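Please work from the sequences and hints to get the whole structure.
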Amino acid sequence: MPDAAMPASAPAAPTVSSHGQRRLATPERVLLALLVGELIWFSLAGTNFLTLDNGLEILRASTEVGLLALALTPVILTGGIDLSCGALLGLSAVVFGAIWRDAGQSITVAAAAAIGVGLVGGAINAWMVAGFGRPALIVTLGTASLFRGLAEGLTGGAVNYSGFPAAFLHLGQGRVLGLPTQAWVLIVAVALIAVLVHAATIGRGLRAIGYAPEGARFAGIPVGRRLALVYLLSGGAAGVAGLVYAARLGQARADAGTGFELSAITAVVLGGTSIFGGRGSVWGTILGLVALGVLTNGLRLADQPAELAGVLTGILLVVAIGVGARRGRT
Amino acid sequence: MNRPLWVALAWAALLALVAAVAPAFFDPVNVRDLIVRASPLLIVASGMTIVILARQIDISVGSQFAICGVVAGLLAREGVPMPLVAVGTMLAGAGLGAINGVLVARLGLPAIVVTLATLVAWREGLRFATEGVWVQDLPGTFQWFGLGQDIGRWLIGLGAGAVWAIVALVLGWTPAGRAVYATGSDAEVARLLGVRPTWVIGGSFVVMGALTGLAALLSAVQFIDVQANAGIGLELSVIAAVIVGGTAVSGGRGSLTGTLAGVALLATVGPALTFLGAPVAWERALQGAIILIAVSAEGFSRVRGVKERHA
Amino acid sequence: MTRRTIGMGLALGLGLLTLGAAGACRGGGSATPDGALTVAMMPKNKGNPYFVSCRQGAEEAAQQLGVKLLWDGPTETDPAKQNDVVEAWITRGVQAIAVSVENREAMSTVLRKARGKGIKVVTWDADADPDARDAFVNQATPAGIADVLLGHASRLAGPAGGEIGIITGSLTAANQNSWIAEMRKLLPTKYPNLTIVDIRPSDDDRKKAFDETQTLLRVHPKVKVVMAIASPAVPGAAEAVKQSGRKDVGVTGLGLPNASKPYLLDGVLDSAVLWNTKDLGYLTVQVATALAKGTPIAGTTQFPGGRLGQLEVRGDNIILGTPFTFTKANVGGFDF
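Chains as they are written, first to last, in this note's numbering: chain A, 1 to 330; chain B, 1001 to 1311; chain C, 2001 to 2336.
What the hints contain is simulated information worked out from the structure, not anything from laboratory work.
Because the structure is a prediction, the values reported are computed rather than measured.
Certain hints may be false.
[Claimed, not checked] Output of the computed footprint for chain A on chain C, the stretches with three or more beta carbons under 8 Å from beta carbons of chain A:
| hint | region |
| --- | --- |
| 1 | 2061 to 2073 |
| 2 | 2081 to 2088 |
| 3 | 2104 to 2110 |
| 4 | 2164 to 2175 |
[As the list claims (entries may be wrong)] Computed from the model, here is a short list of chain A residues facing chain B with C-beta under 7 Å:
| hint | residue |
| --- | --- |
| 5 | ARG29 |
| 6 | ARG101 |
| 7 | ALA123 |
| 8 | TRP127 |
| 9 | GLY149 |
| 10 | GLY156 |
| 11 | GLY157 |
| 12 | VAL159 |
| 13 | HIS198 |
| 14 | GLU307 |
| 15 | THR313 |
| 16 | GLY314 |
| 17 | VAL318 |
Cβ coordinates follow ideal geometry from the N, Cα and C atoms, glycine included.
So, in structure tokens, the structure goes:
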């Protein structure tokens, strides 16, 4: 049984309407407007911004955070959070490298091990949050240190796995049918999570858990199982993201994925998913992801320093949730 | 078993282990250094306790810490006398806290998202402004407030103790403190009882900011210049200490005693592991494990209840 | 319209205005003529004072040569971000890219791609794979740096030798790890009476370096030398040794003269090894510009480095010089 996993400020009444999920709700509309604004601005201020190549590169660079953000959406829908997904990405990447290079296994076996590590990590989170009912915030804070620490311990910090075969690197650096290879992984993930969150009964159950955990239990929703599922999924996504990372950069080191969880949370919240749970959509997350990716990329192409992206992300976040909160009150 | 007691026991067990293996840990000089090192953490954790009790959270304290340190350095470099530097630094912190407070309390935005936004915006903004350059060429009165390291250390340690005691007193024995607990338990009921949640919540962020500013100052005066990017990761250590110490994330439950226990445990773990000879690459994993154990320990007595209700 | 809608609209407008203002302020920055070359230069991380000083030299050279300098990079040491920045530069289209490589493997891939698009690639401070760049501006070899550092440590420990404690950057930092590896190679043969008794990370944070040194002195009371091999770590370690009052412990390391000066002057810090980081930045822009203009490096033995005079070229490495040791006597003559 989940504790109220997220601290609440003023009570906002999220609307749990399936109608609002299918067409774009107001926060997503604002985000879309912001995104269009970004696109216009950067096509004027940036060099070579509005090109297909650049768009595909934005897609390629956003895949790992995208996978984390997609899996984070159902987690946050239930009113929970997962601060450990970045660290789990790093651990999976390092395990992948170790199994391939040090244990001499094939890429396939190593990749399976990486995803397995992700699932085990997710299971630890699930066990503590769903099984013990501990607050997700502090549990995933602890597991974040644990996973990152395991990655550091296993490698001594110093080891950097690289030299992966070209066939594997193609996952992160190549193109399939015109799109970056990892984009296809992302598309599959979008489909999966979209079905989970929007089409299946499970999705309504998740929202119910986020909106009113006690009520959900009394309504017969197997809360423990649902929560376990979403944290497991988050872990699995981190494992897959770890593989994509290793393929894109051609290396795996203990510090892989540092800070990714914050970017993922930003994308999810930007997209209109309420941090208290009960309200949100996959489309919002995708919009949030794109908005962030475009912002960072556009600023670079406009010769602006990286710090500006951070400042603007913060402002963007406040504006976006401001609209969301306003909507919640009406 | 209540959490602070459990944490204190865990701490005692750790100390017992260290006493057996590496008694040099208890050398008075080492203990003194640990206290000085933990002091800023205790001050920020005291502020965070108030915020979390009010059912909020503030993950931007690391960025506030960095900004306030730089402010302290800049003020000192301009020749402002140290007492005024202290006031200025705390005001800067309070100002930052007020921004969080307005967004959360007045506009009703979720605390975790607001402080995530300010965490990123402020740290990047600070980097943008300082371009990574440390604040140097400070007057001699900056380090240890010009009082020398012995008095300086006493000042820092006692300062932290005083802050902790004052916050504990206010929380436990004044109407303001009760208002915080009430707001954190149930804001609506609190409102009906005459408490004004908006002011309580806003105020808790302002106090958090001011205390962070103080902590930043006490940390900065141990050196002769000020880093441009201090306090990275501070928020996570502080939140871990407060929550491990028993203050509930859902608000309304917890105490400064717990925070003291949590700070003591978490501030000791790193050095203790070093004394025990744990390989440095494994320290973070061990710290994470300790947090998880501390958090799950209380769960053992509740699991049965949960399982029964699931049936 | 509700008050809140107006408020949100205002915030939105403010945000967009900031974007616009930022663009206007920085976009029309230095007055370089149209058609000027653009050199894009990236440090490992923008916040580290070491790289801040490199930038000063780079800006100087850019102004002298009339090229547009883009200086950007991760604000934290982040393997993935460096790649993203280079990708953006490739899209934007620059004539030369100069990178201090945090991750050899990761960066080599994207740098090869840049070269494939006709962009000249120079690495500086830390190298990539040889086929991923046109030239490497080398300030000193890892083996050379390790030797100088151990030389100072040996001198400080005295003829009887002793224990060394190392304060490094982060555990994953490639440069520091290669110096440590070289030191381990040199110990048995050249410095047999020195032992490295512990290596503590500082994560490039001065306070953490301070805390770790304090603990180190207690856990290993027989340590004779503390070696801080990251520039924010030197003042941290020196301050810790100073506050401990342990006059029997010597401190050396790799750090910037300005941060080291107070400790060099009062004797706590014995020596700080480095090279002229401003010159490193300066030379890098010189090399990048020369390459962009079509001047070959390979096959030559000398490179005209502007105010630095003629510099040695070894293969595709341009050598800045040998590691320089800042001491109490000479530190006053430097300002970076």
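For each hint, the structure was consulted:
Note: the region 2061 to 2073 of chain C has 4 residues with beta-carbon separation from chain A under 8 Å; the three-residue rule is met and the coverage holds. Proximity of the region 2081 to 2088 of chain C to chain A, defined as three or more residues with a beta carbon under 8 Å from a beta carbon of that chain, is established by the 6 residues found. Coverage of a stretch by a chain is defined here by at least three residues with a beta carbon nearer than 8 Å to that chain's beta carbons; for the region 2104 to 2110 of chain C and chain A the count is 5, and the condition holds. Chain A is given as covering the region 2164 to 2175 of chain C, and this holds because 4 residues of the stretch bring a CB closer than 8 Å to a CB of that chain, at least three being needed.
The restraint placing ARG29/A at the interface with chain B is violated, with a minimum CB-CB distance near 18 Å, outside the 7 Å limit. This hint is violated: ARG101/A has a C-beta 18 Å from the nearest C-beta of chain B, more than the 7 Å allowed. With a least beta-carbon distance of about 13 Å to chain B, the hint placing ALA123/A at the interface is violated under the 7 Å criterion. About 9 Å separates the beta-carbon of TRP127/A from the nearest beta-carbon of chain B, more than 7 Å, and the hint is not met.
Taking 7 Å as the C-beta contact cut-off toward chain B, the hint placing GLY149/A at the interface holds, the least distance being around 3 Å. A least Cβ separation of about 5 Å between GLY156/A and chain B falls short of the 7 Å threshold, and the interface hint therefore holds. Taking 7 Å as the C-beta cut-off, the interface hint given for GLY157/A holds, the closest approach to chain B being about 5 Å. Interface restraint check: VAL159/A against chain B, minimum CB-CB distance 10 Å, threshold 7 Å, status violated.
Using the Cβ-Cβ criterion of 7 Å, the hint placing HIS198/A at the interface with chain B is not satisfied: the shortest such distance is roughly 23 Å. The criterion of a C-beta within 7 Å of any C-beta in chain B is met by GLU307/A, whose closest approach is roughly 4 Å, and the hint holds. Look at THR313/A: its Cβ gets to within about 6 Å of chain B, closer than 7 Å, so that hint holds up. The closest approach between the C-beta of GLY314/A and any C-beta of chain B is roughly 3 Å, which is under the 7 Å cut-off, so the hint is satisfied.
For VAL318/A, the interface hint holds, since its Cβ comes within 7 Å of a Cβ in chain B; the closest pair sits about 5 Å apart.
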